[in-house]
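Asks: Residues per chain, in single letters:
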Amino acid sequence: MNIPMSWLREVTKIEDETNNFLAKMTDAGNAVEGINRIGEEISHVLVGQIVSLERHPDADKLWVTQTNVGTETLQIITGADNLKVGDYIPVAVHGSTLAGGLKIKKSKMRGLDSNGMLCSIDELGCTEADYPEAPENGIYVFPNLDVEKYPLGSDARIPMELCEEVIDFDVLSNRPDTNCLIGMAREAAAVYDMSFELPEISLQEKGEGNVADMVSVEIADTTRCARFTARVVKNVKVAPSPQWLRRRISASGLRPINNIVDITNYVMLEYGQPLHAFDISTVAVKDGKHGIIVRTAENGQKFTTLDGTERVLNDTNLLVADHEKALGIAGVMGGENSMITEKATTVLFESANFDAANIRQTARTLGMRTDASARFEKGQDPNQPIISVNRAMELIELLGCGEVVSGVVDVYPRKREEKSITFDPKKINSLLGISLEHLSEENICAYLQRVNIKTSKTSDSMYNAIIPTFRADITCTADLAEEVARFYGYNNIPSKHTQAVHGEAALPGAGKTLRRRRQENIKKAMIALGYNEAVTFPFESPKVFDKLNIPPDCTQRNAIRIKNPLGEDFGIMRSIPVNGLLECLSRNFNKGNETAALFEIGYTYHADETADLPKERPYLAMAAYGIEMDFLSMKGDMESLLTTLTNRPQVFEVYECPFLHPGRTASIAVKTNPNPREAGIKVGYLGELHPAVARNYDLYDPKKRVYVAVIDIADLHEIAEAYTFKFTKPHTFPPLDRDLAFKVREEVSASALEEAIREKGGGSLAEIKLFDVYRGPQVGEGYKSVAYALRFRDHNRTLTVEDVSKFITAILQNLEKKYDAEIRA
Amino acid sequence: MTQVIEKLNELKQQIEEKIAAAKASSEVEDLRVKMLGRKGEMTLLLKNLGSLPAEARKEMGKKANEVRDFVQEKIESARVRLELEAQNNALKSEVMDVTLPGRRKPQGRLHPITNTFSRLEDLFVNLGFDIVDGPHIETVYHNFDALNAPHNHPSRDEADTFYINDNLVLRPHTSPVQIRTMETRKPPIRIVAPGQVFRRDEIDATHTPVFHQMEGLVIDKGITFGDLKGMLEIIVKYVFGEKANIRLRPSHFPFTEPSAEVDITCYVCGSGKSDCRVCKGSGWVELWGCGMVHPEVLKKSGIDPDEYSGYAFGIGIDRITSALHGLSDPRLYFENDVQFLNQFKGA
Chain R
1 MNIPMSWLRE VTKIEDETNN FLAKMTDAGN AVEGINRIGE EISHVLVGQI
51 VSLERHPDAD KLWVTQTNVG TETLQIITGA DNLKVGDYIP VAVHGSTLAG
101 GLKIKKSKMR GLDSNGMLCS IDELGCTEAD YPEAPENGIY VFPNLDVEKY
151 PLGSDARIPM ELCEEVIDFD VLSNRPDTNC LIGMAREAAA VYDMSFELPE
201 ISLQEKGEGN VADMVSVEIA DTTRCARFTA RVVKNVKVAP SPQWLRRRIS
251 ASGLRPINNI VDITNYVMLE YGQPLHAFDI STVAVKDGKH GIIVRTAENG
301 QKFTTLDGTE RVLNDTNLLV ADHEKALGIA GVMGGENSMI TEKATTVLFE
351 SANFDAANIR QTARTLGMRT DASARFEKGQ DPNQPIISVN RAMELIELLG
401 CGEVVSGVVD VYPRKREEKS ITFDPKKINS LLGISLEHLS EENICAYLQR
451 VNIKTSKTSD SMYNAIIPTF RADITCTADL AEEVARFYGY NNIPSKHTQA
501 VHGEAALPGA GKTLRRRRQE NIKKAMIALG YNEAVTFPFE SPKVFDKLNI
551 PPDCTQRNAI RIKNPLGEDF GIMRSIPVNG LLECLSRNFN KGNETAALFE
601 IGYTYHADET ADLPKERPYL AMAAYGIEMD FLSMKGDMES LLTTLTNRPQ
651 VFEVYECPFL HPGRTASIAV KTNPNPREAG IKVGYLGELH PAVARNYDLY
701 DPKKRVYVAV IDIADLHEIA EAYTFKFTKP HTFPPLDRDL AFKVREEVSA
751 SALEEAIREK GGGSLAEIKL FDVYRGPQVG EGYKSVAYAL RFRDHNRTLT
801 VEDVSKFITA ILQNLEKKYD AEIRA
Chain L
1001 MTQVIEKLNE LKQQIEEKIA AAKASSEVED LRVKMLGRKG EMTLLLKNLG
1051 SLPAEARKEM GKKANEVRDF VQEKIESARV RLELEAQNNA LKSEVMDVTL
1101 PGRRKPQGRL HPITNTFSRL EDLFVNLGFD IVDGPHIETV YHNFDALNAP
1151 HNHPSRDEAD TFYINDNLVL RPHTSPVQIR TMETRKPPIR IVAPGQVFRR
1201 DEIDATHTPV FHQMEGLVID KGITFGDLKG MLEIIVKYVF GEKANIRLRP
1251 SHFPFTEPSA EVDITCYVCG SGKSDCRVCK GSGWVELWGC GMVHPEVLKK
1301 SGIDPDEYSG YAFGIGIDRI TSALHGLSDP RLYFENDVQF LNQFKGA
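Residue numbers (our numbering), protein chains in the order written: chain R, 1 to 825; chain L, 1001 to 1347.
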């Protein structure tokens, strides 16, 4: 909210330097977003007077002036046609600066010296709304300049009231009372511990008759309208407002329009109360009075607001109407049919209180947030409309724009009374951590008094606090504590480190859960394997299913939808882990990064009708391309990871996944016991990205293939938890190594061969290592030659060649029998 | 007898010459075998001493042993010298260019957001806090109602918060974890809840719809605003260093009262330079919100506000991370460009 500093100073009498003032206001919770110093950049623009005026000898459109700026008379050339000798004008002399930082220097125009520039309001950063008397295309001429007060050569900004410091205060959502000049003035007075009284309003009320005889008000919907007051002004003369009022309105961020509109806006800025003015001749008469009814609209009712737009209303929208028609949308915008025009002679002023939530909803559904609705939707004090409408009448009289009729119609069905809170001041001490010595009961009451909260002692320990009606945010002792703290100073409250650092014994709990620790371990293992951690959005486009080749009827497509996403590209919650990483890889790939290996720990989200919340399942996803990345690299990384985390044997089997290469995809299982027949628990899958999917992600390069792996962390956690073990003593007797080499058909898998070896290897076969696979002319088409290194060990003795030879024979026979292996060595 | 002595001297001289000429320890070894071995010349010569008369034999024996010891010593020292020489030559020939690049294993990095989280988690675990999680998809009750947010509070608006349906939202803050904690634990409570949060902000140079927070909640008998201040000072100095100071400004959150915004001394200019982009000349940067847990929030979660009090804070992780690394565009956190990620430390 923008407040001109000069206005605030006028109301509060605060003389402190602005930066000090703002620092104090900030410490009390009224933060400053910024300061706009209007007119600050303009310099050396002086009050001048035209002494003579002649046509330029060599240019039809230019004038040569002699302009008196007090200390000297300057020759200045101008193109404006609105000047005459004797006019007082703003003169930018040599070395001056205008709005936008424009520098003015001596120059020659068509051969003649021009020692400066005569200024229009445009060059001073203003518009016609600020100075309606200014000519459309021409130099600004001071109307009725008081030369005694503003002599020639003095700063021209001063008589124009051009300069202003405008403070942009950040208004807290629970403090709508501070969203106006008077509210901030109250805060300022509290900060400086000065008294603050609302300015007294005095009226002459010269208008004929009494409002009560002219206007009737009926509130049909008292839940949405707590109060409606009306006053009337006769013999209205619509005209521009005086300069001081226009300057304040303009500095506050509104546009000056005419005296009537400006007065309603001025009171809104001053008291926070939106007012509305109707041409009373448009309000239908019933029983001899202009009859106002506050009621809701009908569904589908059409109404044209004063901006000329036709609105379609519903039965929750509140209207200010007469007995025949709607006149305005309550608290939002008036109607075109009742607006003030030049023809208006008698004007009805509305100052009312409407329900915040209702105004908010109306403004939202109609898509029209106005200055009025913005204030109403934050909540207004229903006790303030009467002061505000009277202040408007005072301004009407002050500006001479009409005759105020005496009396006011004030319908106030739901009166807001002052609330009282019983509190124990010691509770405030203990909540804030300030001792009685530094904050006594008297101190507390004095701080509360600063914000107009009256206190009285009710018993030995308890007090009663009476809260002004404009402070609806204060409802309990904690709220009172905050008020006390604001003026005691948050930064003066002593910090306590003892409890935090030494404290009592640590509370029960393990700090980090095992689950969290395991996730940390996964991350550490992944970076050791060379993968960078990625973080992606958990919402994505429903197009991911097509991009990932997911079949149309697959249940994975049943993703949770966001009702109000940031566009369709973020419309669903992730149900498959890989999309985010693939998009990241694509970005890396298309930026020319040679290698990218990423992992992410994230969640997939799945609807669960049986629970209050959807299921969120943690996963680890890996995706990589680049140097030395191929199927076996990724598999090796996966094996290392699973070994680090579980140290259990793993089983990889042929697997199908719609977005992976049909011949290069494996499921991943982890065994929970050493039984060779146990298939293990499936924890995930890995494989090469399907080329069609790679194309969908703009990630296709046959020489740089993409590999993907996914692990369900919840499953993995269960396995890791279940695995407990007793250690076995390391071998002390030396091992006996034997190598085997044989030829088998291409399609016999490594895991099948390993199993056949293990089957007959006996209890002392400790390790099986595949160390060579050879294909070529010597082994023939469709065959491969494989070589294994076997290591035998016994805990009780040194094994001899004879000990293991019977096992070797059995292994070879088994390989021959099962897979037609042809022994080579 | 003189013959024998002459012969010994001759052998001695021969050996000395040969040792001097030897180029490898193997030559010296050969010489040793040739002279002192079982069939060596000197051994044979000494064997013949047996035929001499006892007197002469004793004298000769003494002389012969002297020569043999001398020779043995010569041979041994030559062997040591030559072996050392050989080793030195080998070392010289094996000189490497130590500036050649090492054979590296690729090294990954934790995401900078994770780094900030784990740094803070270490602090809080050491201070006796438990680290807890909460769901990303949260009920309106836990996210708003139980946190005392009025029904018309702007944060409930569909323009600000993502809704799944009328009862479920994507949590816009980690504060609902406060409620879940109070529902399941009895005071004393001391937790932090790190995690992702979601707000309906369009993606631009200063906003992403996903970001990260760490909620803190402490509830016990006699917890005061002073405890909160002390904790904030610890956190800020731990993250930004001893020189960092905080300022608290009164503010408003529905679930705390009194509420405060925490500002720290500007981490860019330090003092409020008028042209500082970050603090805009004020010398202070807004960090995060905090306050004393609102009595209504305690009540709704079954904790008696007359008996217990507490404080809560919500640390903005992305902002801290950006501050620590001088980063201004949060979109970089979600692009996951390895050129960006590789700049950070591994752990």
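It should be emphasised that the hints constitute simulated quantities derived from the structure, not laboratory data. By construction, the Cβ of each residue, glycine as well, lies at the ideal position given by its N, Cα and C atoms. Any given hint could be a false lead.
[To be verified] When the alpha-carbon atoms are kept at most 20 Å apart in a straight line, the in silico EDC-like pairs for lysine to aspartate or glutamate are as follows:
(1) R:Lys419 x L:Glu1296
(2) L:Lys1221 x R:Asp424
(3) R:Lys563 x L:Glu1158
(4) R:Lys818 x R:Glu755
(5) L:Lys1280 x R:Glu33
(6) L:Lys1273 x R:Glu33
(7) R:Lys426 x L:Asp1220
[Claimed, not checked] Covered stretches of chain R, as calculated for chain L (at least 3 residues, CB under 8 Å):
(8) 39-53
(9) 260-272
(10) 562-575
Asks: State for each hint whether it applies.
Replies: Now for the hints, and whether the structure bears them out:
{"no.": "1", "hint": "R:Lys419 x L:Glu1296", "in the structure": "holds (18 Å)"}
{"no.": "2", "hint": "L:Lys1221 x R:Asp424", "in the structure": "holds (17 Å)"}
{"no.": "3", "hint": "R:Lys563 x L:Glu1158", "in the structure": "holds (9 Å)"}
{"no.": "4", "hint": "R:Lys818 x R:Glu755", "in the structure": "holds (11 Å)"}
{"no.": "5", "hint": "L:Lys1280 x R:Glu33", "in the structure": "holds (10 Å)"}
{"no.": "6", "hint": "L:Lys1273 x R:Glu33", "in the structure": "holds (17 Å)"}
{"no.": "7", "hint": "R:Lys426 x L:Asp1220", "in the structure": "holds (18 Å)"}
{"no.": "8", "hint": "39-53", "in the structure": "violated (count 0)"}
{"no.": "9", "hint": "260-272", "in the structure": "violated (count 0)"}
{"no.": "10", "hint": "562-575", "in the structure": "holds (count 7)"}
Checked against the numbered hints listed earlier, the structure breaks hints 8, 9; every other hint is satisfied.
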